[in-house]
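Trainee: Here is what each chain is made of, one letter per residue.
Protein chains: 2
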Amino acid sequence: MVPSRSPINQVDVTLSERDPQTRTRLLQSAVQIFDRKGYSAASVREIAEMAGVTKPALYYHFGSKEGLLIAILDAAVHEFARTVSTAVARTGTARERLMALCEDVFNLFEVNIPIVRVAHTVFLGPVEIAPAFDLTKFERIWRESLQQVIEEGQAAGEFRPVPSLDVAYALMGLVDSCVERQMHPGFDPVGRDGLRKIVSLLFDGVSCERRS
Amino acid sequence: MVPSRSPINQVDVTLSERDPQTRTRLLQSAVQIFDRKGYSAASVREIAEMAGVTKPALYYHFGSKEGLLIAILDAAVHEFARTVSTAVARTGTARERLMALCEDVFNLFEVNIPIVRVAHTVFLGPVEIAPAFDLTKFERIWRESLQQVIEEGQAAGEFRPVPSLDVAYALMGLVDSCVERQMHPGFDPVGRDGLRKIVSLLFDGVSCERRS
DNA sequence: ATCAACCTACCGACCGGTAAGTAAACACGG
DNA sequence: CCGTGTTTACTTACCGGTCGGTAGGTTGAT
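Residue numbers (the working numbering), protein chains in the order written: chain A, 1 to 212; chain B, 1 to 212.
Calculated from the structure, these hints are not laboratory results. Where hints are given, some of them may not hold.
All copies of an identical chain are treated as equivalent in the list; a pair is satisfied when it fits inside any one copy or across any two copies.
[Stated by the list, open to error] Here are the simulated EDC-like pairs of lysine to aspartate or glutamate, each with C-alpha atoms no more than 20 Å apart in a straight line: (1) K37 <-> D134; (2) K137 <-> D188; (3) K197 <-> E151; (4) K197 <-> D176; (5) K197 <-> E110; (6) K37 <-> E66; (7) K137 <-> E66; (8) K55 <-> E110; (9) K137 <-> D74; (10) K37 <-> E128; (11) K65 <-> D188; (12) K65 <-> E46; (13) K197 <-> E96; (14) K65 <-> D166.
The model shown is predicted, which means the values in this text are computed figures rather than measured ones.
Between the sequences and the hints, there should be enough to build the whole structure, so can you do that?
Mentor: In structure tokens form, the structure reads like this:
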């Protein structure tokens, strides 16, 4: 398995231009390997080979294995923030906007499952392996956006006056669990329709008679 | 760090009896190390040392690193099944029984967070590291128990006639997300009270006007 | 005498990371 | 337009350390 200038594995390269794609290919390869093997079990050799370069090229661009992971997570958190901020700017009832926000986050995660798995296992996984990167950014961005729309809906008389934080936790839990069901082959995927039905349950309630 | 017969680290041993605690101590040590370092990054040397034995003792009892992991997960799934089956046998309204089931599962997970983290990262983590063990057992046991109570509640006219699977998914998602918030130091823990409030939201609904 | 339950000592493979060399692109004084 | 540092973006070759796993001996109980 010699590192080749024209790697057959995955990303093909137009050839003979020195830099411009190397960094990107390293990032793409790292996401794949981290996804399949996990961060700890992934080897920088394998990542570099898949990208068609050698190990020191990786260290030139990212400094360390952890630097590579942080670069991936950094890009992910920026894309997540972009998705959420555009979703919040929509119009409609608070319920419609919350549903759209949940769907947009679900869609973003669904098309980036490898990155989601990496972030997820790094975040909830072993404490001593955790990189110098604040993964709670994801949670804070999402929670604050949700709470904003929820409180607007309560001010408009659309929602009952329950604590907006609890509603935000509930919505995040529902979306997360739907994403997790997409992540594992042993689960029946719920899909966007399933997500809509489940989130609707939270809005409308399950019990016939309401308490409170 | 010489493996000692009377390990100061964690589990203390009554001393000089040869076998009977070794297997148990290995399991307890493995849970701690897997929790802190993750399965891949954990070393069998370190696990054996913490248990006060040497590596071949571990291989004598469990055959391989993966065998050790499977033994942990096996015990966990049995305790989980026991907890769920006793919780389902309670009396009361369907809502009360579902709430109690969610609380019992939450409590079980809360006092076993290291094992939960190990199972969680192994289950949702890297595909190629996944052991020869069916983690969907957890999901199946829990989902079927929930659906049973939900359908009884619907038959009694206590719940609206929505698909019981959707309600089960929602409840599992809510409980899981509360557990995940307990797992990470960067989150404000929600606790049992938070769980009750969040699950109540699903029963009573958030919107003022119900659709459907 | 047998056997379960370990121990010591060792294996080859692979790990993350680095030192030192090099080819191409670029900067710039003449 | 040319020669010539300087810099960028890598390369080959190597390091000490650790990994999971095992061969074979030892010890105490039955």
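Trainee: Evaluate each hint against the coordinates.
Mentor: Status of each hint after checking the structure:
no. : hint          : in the structure
1   : K37 <-> D134  : between (22 Å within a copy, 18 Å between copies)
2   : K137 <-> D188 : between (30 Å within a copy, 14 Å between copies)
3   : K197 <-> E151 : between (22 Å within a copy, 17 Å between copies)
4   : K197 <-> D176 : both (15 Å within a copy, 19 Å between copies)
5   : K197 <-> E110 : within (17 Å within a copy, 29 Å between copies)
6   : K37 <-> E66   : both (15 Å within a copy, 15 Å between copies)
7   : K137 <-> E66  : within (18 Å within a copy, 34 Å between copies)
8   : K55 <-> E110  : neither (31 Å within a copy, 42 Å between copies)
9   : K137 <-> D74  : within (10 Å within a copy, 35 Å between copies)
10  : K37 <-> E128  : both (18 Å within a copy, 6 Å between copies)
11  : K65 <-> D188  : neither (34 Å within a copy, 30 Å between copies)
12  : K65 <-> E46   : within (12 Å within a copy, 23 Å between copies)
13  : K197 <-> E96  : within (13 Å within a copy, 23 Å between copies)
14  : K65 <-> D166  : neither (38 Å within a copy, 41 Å between copies)
Of the numbered hints stated above, those contradicted by the structure are hints 8, 11, 14, listed in ascending order.
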